[in-house]
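**Q** Sequence:
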Amino acid sequence: MKFVNKAIRKKDAMALVTGKPVYTDDIAPSNCLIVKVLRSPYAHALIEEINTTIASKVPGIECILTYKDVPQSRFTTAGQTYPELSPYDRLILDKKIRCVGDPVAIVAGTDEKCVDKALKVIKVKYGVFEAVLDFRKAKDNKIIVHQEEDFKALVPSIGVDAKRNICACE
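Residue 1 is where the sequence shown starts when you use this note's numbering, and the numbers rise one by one after that.
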């Protein structure tokens, strides 16, 4: 209760009012890890194989995560209050790729150089599929974006229909 009804100065307040904003790199401890994400070059694919063996041997690499290593609990990226109207359709890392740039692996290491090197030697074999690239053609398309059984919306009245590629409608 010592902060209730009291002014609390933000950590970056002085930097902001003096025109010297503070960025994450400015306040990161010297012993923190560098984390980067390997992203998919494909708009619609399935990860058939992913080999991180060589990457994990790069000096300085502390951790490499793939879809096999993370929780399989779906969430929404919309960021509204609970219950969120948007579909719970995302995983931290998914075997199924739905968009160019979808995350494939997360790499953490002691410096940017080792992380970049590890990212380059991760071997991914993709099964590439035809993609729907025009949202106007997605509805009732033969290509279904979300085929998984655990795709859900907490508020079904918004008209979610994954089998028709509809995430909401009136």
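The hints are simulated quantities; they were obtained by calculation from the structure and are not laboratory data. It cannot be assumed that every hint is accurate.
[Claimed, not checked] Derived pair list, reagent style DSSO-like, types lysine-lysine, alpha-carbon separation capped at 30 Å:
id	residue 1	residue 2
1	K36	K139
2	K117	K95
3	K142	K117
4	K120	K96
5	K57	K163
6	K125	K137
7	K36	K137
8	K95	K137
9	K152	K20
10	K95	K20
11	K125	K113
12	K68	K95
13	K6	K36
14	K139	K163
15	K125	K68
16	K123	K113
17	K163	K113
18	K142	K125
19	K139	K123
20	K68	K10
21	K95	K142
22	K36	K57
23	K120	K36
24	K139	K120
25	K11	K57
26	K117	K152
27	K163	K96
28	K113	K96
29	K11	K68
30	K57	K10
31	K95	K11
32	K57	K152
33	K137	K117
34	K152	K139
35	K123	K96
36	K137	K120
37	K57	K68
38	K57	K96
39	K142	K36
40	K137	K113
Every value quoted in this text rests on a predicted model; they were computed, and no experiment measured them.
**Q** Check the structure against each numbered hint from earlier and tell me which ones fail, lowest number first.
**A** Hint check: 1, 3, 5, 7, 9, 10, 13, 17, 19, 20, 24, 25, 26, 29, 30, 31, 32, 33, 36, 39 and 40 fail, others pass.
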